[in-house]
Amino acid sequence: MSDKPLIQIDDEIREMTDEEYAKYLEMQASAPSLPGASSE
Amino acid sequence: MGYPVFATGDVLNASDMNAVGLWLVKTQTVGTGVSSVTVTNAFSADYDNYRIIYSGGIGSTAQAIALQLGASTTGYYSAQATILYSADTFGYIRDNNAANWSTAGGAFTDGANLDVTLYGVQATRRTGLALNTRIDYRTAGAGVLVGNGFHNVAASYTGFTLSVAGTITGGTIRVYGYRN
Numbered sequence: 000m001s002d003k004p005l006i007q008i009d010d011e012i013r014e015m016t017d018e019e020y021a022k023y024l025e026m027q028a029s030a031p032s033l034p035g036a037s038s039e
Numbered sequence: 000m001g002y003p004v005f006a007t008g009d010v011l012n013a014s015d016m017n018a019v020g021l022w023l024v025k026t027q028t029v030g031t032g033v034s035s036v037t038v039t040n041a042f043s044a045d046y047d048n049y050r051i052i053y054s055g056g057i058g059s060t061a062q063a064i065a066l067q068l069g070a071s072t073t074g075y076y077s078a079q080a081t082i083l084y085s086a087d088t089f090g091y092i093r094d095n096n097a098a099n100w101s102t103a104g105g106a107f108t109d110g111a112n113l114d115v116t117l118y119g120v121q122a123t124r125r126t127g128l129a130l131n132t133r134i135d136y137r138t139a140g141a142g143v144l145v146g147n148g149f150h151n152v153a154a155s156y157t158g159f160t161l162s163v164a165g166t167i168t169g170g171t172i173r174v175y176g177y178r179n
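Heads up: the sequence lines are chains A and B, in that order. For the first sequence, numbering that gives the first Met the number 0 gives the first residue as 0, with consecutive numbering after it. For the second sequence, numbering that gives the first Met the number 0 gives the first residue as 0, with consecutive numbering after it.
Only true hints are included.
Distance condition first, Cα-Cα at most 35 angstroms in a straight line; then the derived DSBU-like pairs of lysine-lysine:
1) A/LYS22 / B/LYS25
2) A/LYS3 / B/LYS25
3) A/LYS22 / A/LYS3
Hints were generated in silico from the structure; no laboratory data involved.
Only chain B is shown next, with the shape it has when bound in the complex (with noise of 0.2 angstroms):
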């Protein structure tokens, strides 16, 4: 099946927009030299699972991006296996009920960024986490094989915050909500 290319003037025919799958929710833009960033009503009942992306920022030096929902401080699970870039080095992260998703994004001088799926965030059940990645740019650092996780708590959550043990400047988080 082809997809539908639009020209400017075309008439927007309902079943091609209810087919778009990505729909783009939610911007905030990061400001200076924040250590913790919140972004409120980022999910509603729109949709079942939501995608974050924060990119183009920069950290005050390497650190991880932990990420909570709501005001949840209990309950977070999650594993990640890295391996080093510079040598067959293996190495992992996990959460065992911990206050955070601790390290669901990196922040680095060179860039900062976190890109990961929720599934089932606004329903009143256990959300699920996947970390789509977590880009490394020390030439020392790690990519990310796998990983991915939950929260121990069926709760609806309506946002979320991202913090780190120093600061970020700039860049933009960007919800999407993948269409039911």
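This is chain A alone, in the form it adopts within the complex (with noise of 0.2 angstroms):
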């Protein structure tokens, strides 16, 4: 089981290293909510 989300590379999917998943941490840091009250 993946410990790591999924990174997809143009076609190459694979489980994020640490330096992507670093990466990907700061990318969703400031990540808004969307506007709106969930029905889903």
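Once you've looked at the hints, go ahead and assemble the two chains, each given alone in its own frame, into the complex.
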């Protein structure tokens, strides 16, 4: 079971490396909530 | 002025083909359960301006799709105004010298999508962004009234990355060049 999220680079899909995961966390650090209440 | 209509076997005239305004330059299928998708070799000096459309996929949950140019993690500015489908409630999302354009698209369990135009992305100057649309598939969601921004770094890029907090599955990312 993967410990880290999957990254896709063009057609290659694999688990993120530690460095990629760190960059991914930085990218998502300021992710806002979408406006509107969730109805899903 | 009319437009050419081609039939099977027709000779393709240079004058007609050189008038084609939008050209599909890159197609990328999105895999299953990915949190980040990088598309390389999407932009070149062939075109000043590009349109990126992602459609046909789904998200693990309602989440924003962030857009990053190349490896640049700073200098992203944007503003978008929204209004709920269900009430006269306005909202906004801003990126103020952020690490990416945080809400260039949206992923939902009923559909994931992104539709943006990039101005000057392959030139060594600041890139402009127009958020053409971001469709919210929730009945209590919101529509985007207007959105745009820019990347405050004078640099040329050849690729981009979409990322989400959860995962996205399926669909296709298409990159089109607007003919100069």
